[in-house]
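> Sequence:
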Amino acid sequence: MSDELDSDIQSESMDDIELAYREAMKSLDEAEMQVGSALMELAESSDDDVDGDEKAYTSIGDVLAEDLAAEAGADRAEAICTQDSTRVSPRAVIEGALFVGGEVALTSRKLAALIGNDAEAKLAVRLIDQLNEDYANENRPYEIRLHEGGFRMELREEFANVQARVFGLGPREVRLTPDTLEVLAFVAYNQPVTKEDLTELGQRKTQTIIRQLVRLRLVEVERSGKKKSEVEYRTGDRFLRLFGLDSLDDLPQADVFSFK
Numbered sequence: 109m110s111d112e113l114d115s116d117i118q119s120e121s122m123d124d125i126e127l128a129y130r131e132a133m134k135s136l137d138e139a140e141m142q143v144g145s146a147l148m149e150l151a152e153s154s155d156d157d158v159d160g161d162e163k164a165y166t167s168i169g170d171v172l173a174e175d176l177a178a179e180a181g182a183d184r185a186e187a188i189c190t191q192d193s194t195r196v197s198p199r200a201v202i203e204g205a206l207f208v209g210g211e212v213a214l215t216s217r218k219l220a221a222l223i224g225n226d227a228e229a230k231l232a233v234r235l236i237d238q239l240n241e242d243y244a245n246e247n248r249p250y251e252i253r254l255h256e257g258g259f260r261m262e263l264r265e266e267f268a269n270v271q272a273r274v275f276g277l278g279p280r281e282v283r284l285t286p287d288t289l290e291v292l293a294f295v296a297y298n299q300p301v302t303k304e305d306l307t308e309l310g311q312r313k314t315q316t317i318i319r320q321l322v323r324l325r326l327v328e329v330e331r332s333g334k335k336k337s338e339v340e341y342r343t344g345d346r347f348l349r350l351f352g353l354d355s356l357d358d359l360p361q362a363d364v365f366s367f368k
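The sequence shown begins at 109 in this note's numbering and counts up by one.
One or more hints might be untrue.
[Claimed, not checked] Straight-line alpha carbon distances no greater than 20 Å define the calculated EDC-like cross-link-like pairs of lysine to aspartate or glutamate that follow:
| id | residue 1 | residue 2 |
| --- | --- | --- |
| 1 | Lys230 | Glu246 |
| 2 | Lys303 | Asp242 |
| 3 | Lys303 | Asp287 |
| 4 | Lys313 | Asp345 |
| 5 | Lys230 | Glu251 |
| 6 | Lys313 | Glu290 |
| 7 | Lys303 | Glu338 |
| 8 | Lys303 | Glu290 |
| 9 | Lys230 | Asp242 |
| 10 | Lys303 | Glu266 |
| 11 | Lys313 | Glu340 |
[As the list claims (entries may be wrong)] So the derived label-pair ranges between C-beta atoms look like this:
| id | residue 1 | residue 2 | range |
| --- | --- | --- | --- |
| 12 | Gly224 | Lys313 | 43 to 49 Å |
| 13 | Glu246 | Thr302 | 35 to 41 Å |
| 14 | Leu359 | Pro286 | 47 to 53 Å |
To be clear, the hints were calculated from the coordinates, so they are not data collected in a lab. Positions of the beta carbon are idealized from the N, C-alpha and C atoms, including for glycine.
Working from the sequences, and respecting the hints, build out all of it.
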């Protein structure tokens, strides 16, 4: 009887999740229509089109505090919204693009291009900060984060267990290739590491692999100097959870690996 009750509860939970997802998709239809083919073009663009201000995963408010201090961006957003009362607001365009973007990271410049009217990248960043503030005030389970390749909408850390139950986030589900595991192990045992350190592995696609690990949030990026291009890589909390480790001290001895 208890097993049947648990099964019913789990079934209802899955139904609730599916219903919430469909309602969210429906509410963003107008924004998605305005994004249209532009989002596909942005998703297919080269990684070389990444803004310098978005080379690392860090606090949005801290990195761009000076830019966001200008009030011109907010005034411009209001002007765009009032030009046509039936037009989707810039906030909705950005939210819709990030919602349907999935694993595609969008730079502030690309998001500004979706807004149109020659909107500047600073406006997109300001609107993202406003969205995150609203999400926090409303206790939403997701937020917009800045990664090495741009912005993505993701679940907050405290809801990671829900995602794991629904989609699975164990090592079997992640399915890292041998080359990717080698890069991840190198970072884990030598962190923090720089881009120059990664060249020691002798792999041609090291930067592509490290970007994948950042997207999977197994590796995090930190500023290492005054220049925005100076970054270091280290493993994060999700790396520990994924491999069932309490701390980095629980890693197997490094001499079992052979690095090139």
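> Going through the earlier hints one by one, which of them does the structure break, listed in rising order?
1, 2, 4, 10, 12 and 14
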